[in-house]
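J.: Sequence:
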Amino acid sequence: ISLFLRFGEWLLPRVTITIPLESLLPLGFRFHPTNEELVNHYLKHKFNGRIKSEAEVIPENDVCKCEPWNLPGKSLIRSNDPEWFFFAPKDRKYANEHRSNRATEKGY
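Counted from 1, the sequence shown has number 89 at position 89 by UniProt numbering; the numbering is strictly sequential.
Be aware that one or more of the hints could be misleading.
[Said to hold, decoys possible] Under the rule of at most 20 Å between Cα atoms (straight-line distance), these lysine to any residue pairs were calculated in the SDA-like manner: (1) LYS44 <-> PHE86; (2) LYS44 <-> PRO89; (3) LYS46 <-> ASP62; (4) LYS46 <-> GLU56; (5) LYS44 <-> ASN61; (6) LYS74 <-> ILE51; (7) LYS93 <-> GLU105.
[As the list claims (entries may be wrong)] Cβ-Cβ distance ranges computed for the label pairs, FRET-style: (8) ALA95 <-> GLY28: 16 to 22 Å; (9) ASP91 <-> TRP69: 29 to 35 Å; (10) LEU27 <-> ALA103: 36 to 42 Å.
I should point out that these hints are in silico values taken from the structure, not numbers from a laboratory.
In this text, a Cβ means the ideal position worked out from N, Cα and C, and glycines have one as well.
Make the full structure from the sequences, and use the hints.
T.: Written out as structure tokens, the structure reads:
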């Protein structure tokens with residue numbers, strides 16, 4: 001372990017430990033938020049910048065650039081539930097129109 005001295009303080013190098021989110025929950029618990037919880041907690045806090053990156057359970061992902069069969073692997077919570085949650089940027093079909101682009105490259 002390397003130690004660094006800066007301004008009279010000993011600093012340790014930054015270490016990142018990855019722990020699967022599902023291992024933090026007791027057996028039998030699932031991430032299954034209601035629509036109200038999704039909007040009033042996760043979406044509102046994301047919009048206001050109050051979700052810390054280390055506490056995120058809903059990742060950012062441009063779902064229109066992913067085919068549906070690739071989405072389960074991009075979810076931070078691994079489960080057999082056929083439901084995954086992502087924050088996705090709004091993509092315009094054409095730059096000067098209000099229509100959203102909601103199709104993947106393969107048309108899904």
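J.: Any hints this thing doesn't respect? Which numbers, in order?
T.: Violated hints (numbers, rising): 8 and 9; every other hint is consistent with the structure.
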